[in-house]
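Protein sequences appear in the order of chains S and R. For the first sequence, our numbering gives the first residue as 3, with consecutive numbering after it. For the second sequence, our numbering gives the first residue as 1326, with consecutive numbering after it.
No wet-lab data here; the hints were simulated from the structure. For every residue, glycine included, the Cβ atom is placed at its ideal position computed from N, Cα and C. Incorrect hints may have been included.
Calculated pairs, DSSO-like style, for lysine-lysine (alpha carbon to alpha carbon, straight line, at most 30 Å) [said to hold, decoys possible]:
#, chain 1, residue 1, chain 2, residue 2
1, R, K1621, S, K386
2, S, K338, S, K23
3, R, K1509, S, K338
4, S, K50, S, K131
5, S, K359, S, K256
6, S, K359, R, K1509
7, S, K338, S, K432
8, S, K263, S, K473
9, S, K179, S, K189
10, S, K267, S, K473
11, S, K125, S, K113
12, S, K267, S, K338
13, R, K1509, S, K386
14, S, K66, S, K133
15, R, K1509, S, K381
Here are a few chain R residues that sit away from chain S, every Cβ distance over 12 Å (derived from the structure) [claimed, not checked]:
#, residue
16, K1336
17, V1348
18, G1357
19, T1432
20, G1454
21, L1457
22, A1620
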Amino acid sequence: MAALLELNDIHKSFSGVHVLKSVGMEIHPGRAVGLAGENGAGKSTLMKIIAGIYSRDAGTVRYKGQEVTYSNARQAIDAGIAVIHQELNLLPELSVAENIFLGREPTRMGKIQWDYVRSESRKWLEALKQKIDPDAPLGTLSIAQQQMVEIARALSLNAEVIIMDEPTDALTDIEAKILFDVVADLKQQGKGLVFISHRLGEIFEICEDIAILRDGQMVHTGPTSQITENDLIRHMVGRELSDQYPFVPAQPGKIRLEVEKLSAKGFSEVSFSARAGEVVGFSGLVGAGRTELAKAIFGANHITGGTIKIDGQPVTIANPRQGIANHIGYVTEDRKSEGLIQMHSVGENMSLTGLSKFTNRFGVVNRTSAFITIDEFVKAFSIKTQSAASLVQNLSGGNQQKVSIAKSLIPGPRILILDEPTRGVDVGAKREIYSLINTLKAEGLCILLISSDMPELLGISDRVLVLSNGKLTGEFSREEADQESIMRCAVAGQ
Amino acid sequence: MNIKQFASDNKSLIGLIILMVLVSIANANFLGVDNMLNILRQTSINAIIAMGMTFVIITAGIDLSVGSILAFAGAVCASLIAADMPLVVALVMTIAVGAALGATSGTIISFFNVQPFIATLVAMTMIRGATLVYTEGRPISTGSFDVAESFYQFGAGYTFGVPNPVIVAAVVFLVCWFVLTHTKLGRYVYAIGGNENVARLSGVNVTAVKISVFAISGALAALAGIILTARLESAQPTAGLGYELDAIAAVVLGGTSLMGGRGRIFGTIIGALIIGVLNNALNIMDVSSYYQQIAKGAVILLAVVVDSRGKANA
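All chains, please: the whole structure from these sequences, using the hints.
As structure tokens, this is what we get:
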């Protein structure tokens, strides 16, 4: 049977990073393709190319036998390609019906046909077995209901190809079941579907075909019946471990951090401990609760239950200020909006967290001593910048990351939390960050490392903990940790 | 530092010099010492308010209540002087009242997550109302005790030939410059305006700093109110109407970004002087006050356009 949509040799790079390498894929009418892959494998990028949101650097897209190029999302939608996005793209202030028809309100002589909008919206919501008032403001709905509205909108487009990017993430089992019934209906109507999910069981349940992306390459495509879940996991994670992880074995010291039944938004009842001179890696899928856990320990997120002990003493950490006072450093995954003030200089950023170290009791900053420390870090971390007065926004990602790490080190933390420290960082700088982690470990820091790059995590961690859906689902020593068993734990709680 | 860099860092200073050159060509009396001191004296009230405003605007906030605080503080101060309070006590108490009013706005902004524009709009209205209630809509005279005379001298006298308000403004300038560039509070003010989220995660007590900047703004508005009251020997319930806009204009003319995160107190002084020179020039050239407003608006527009073009080319 001819493919409805056919991708061939698709390439895409972002600022020099090759994220899709010669990717091919077919979507057939009446069938669903399950697209699997680790965080950052390129799934969302590929889907955004199909949906006209990104342009491809090379390769062809054939839709119903015709080669097509969409330069924006509108054109793809008009042609019959709809996407249900992972992040909700809805406006909370508008009503449900207004959201469903946003940007394509039917008009007669310039007047919007509200009756039609309402009745159509109700029809599609009923198809999803949802009792949602089309006039209700979207913001008053639960996240699961909002997700259903997003799905209703995609259905109402009468698209031929429907891409669902993690549609069940926010849904309960009941709503997911309804969605699967709808998927079956859509297949009957001859639509072609792409289904992206971290819940591998769902892929096996509703997809006829499976496509697996790894590092921007399509490593496997074929019918679901010919692959087992274990094979799927093996394909997802089969990245080569290389010697670029200079692991230095170290004798961990005494227990520095003890977390007991800690709960907050995004995770619950997580318990673990970490020693001085130890790197504890945290693995998990996006949304597993790792960043939330890190922020709760640091004081940036409100803790709802459980205790934290540092060096055996229970501590109260209600805000980042107290986290820093308790010798915790946190290097965020989101440099732009949480890590560095882009419009300020390297020196101003670097000295911000530890400013009290350079301040006398009258609140006056000793600029000379601050400058000496800043200069030491610029040299020690070989930060490539014209001077400490250069603006952070002019630095490359890797150098910004080094500034961010230096910033959290200046107050002299005993516990350092690194959240995706090598994201958006070039290979050379990655290597420098790894050896920096080893140096800090040797100096006796207790390091919590969150990373979605599994070889990296295995390469430099002494121990790996796995989170899934806000729960701790696995713990591996360096010796027993391997990519497949970690991935199995990471998808276990889904 | 090369000339090009200096020019782009000091656009407002260059603008002020150009303006002064143009005016002195048009009118020979402009450059006289008396007229210069006159401009400085007339500018000092706006400059003092605008320096407080600079703190607020660097944190990406705005303070619309300064004109009302000026009037309320003036009334408080006039009553204290009229009641024969020692001068220093009256001044300190009045400034404390201004700081408390500003801190209240800052507290509302921080704890109830209200936009600074709205919170200080409310404060502007309520404090103006409170002033009218307190004064019963009539001026309050500073009275006839001895202290009233020294109070008058504070606002209208000269020290070594320089008008006292100019000296006060110069002292405020030095203190503000030091706080912004050499203290932890100053660094935190810039950090919050640069990115509040980053500041909070860097351990900055954002709430305390925000309350502080509004307290500083309120205190300096009260100080301006004291000077105005002293000069007039009475507090006017409608004093300071629209002063918040002149202060904001001075800050913006001085190159401080309304988006927060950058700005200099020196620039604010220059901005206030540009407005002062312009007002003075139009006056001595006998331009009708109706046209003066149009001219002032045009200069601000010109400055902002030049500034944003400069940024686009950078």
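Going through the hints against the structure:
no.	hint	verdict
1	R:K1621 x S:K386	violated, 46 Å
2	S:K338 x S:K23	holds, 27 Å
3	R:K1509 x S:K338	holds, 23 Å
4	S:K50 x S:K131	holds, 29 Å
5	S:K359 x S:K256	holds, 27 Å
6	S:K359 x R:K1509	holds, 10 Å
7	S:K338 x S:K432	holds, 18 Å
8	S:K263 x S:K473	holds, 10 Å
9	S:K179 x S:K189	holds, 15 Å
10	S:K267 x S:K473	holds, 12 Å
11	S:K125 x S:K113	holds, 22 Å
12	S:K267 x S:K338	holds, 23 Å
13	R:K1509 x S:K386	holds, 27 Å
14	S:K66 x S:K133	violated, 36 Å
15	R:K1509 x S:K381	holds, 25 Å
16	K1336	holds, 18 Å
17	V1348	holds, 35 Å
18	G1357	holds, 41 Å
19	T1432	holds, 17 Å
20	G1454	holds, 33 Å
21	L1457	holds, 38 Å
22	A1620	holds, 33 Å
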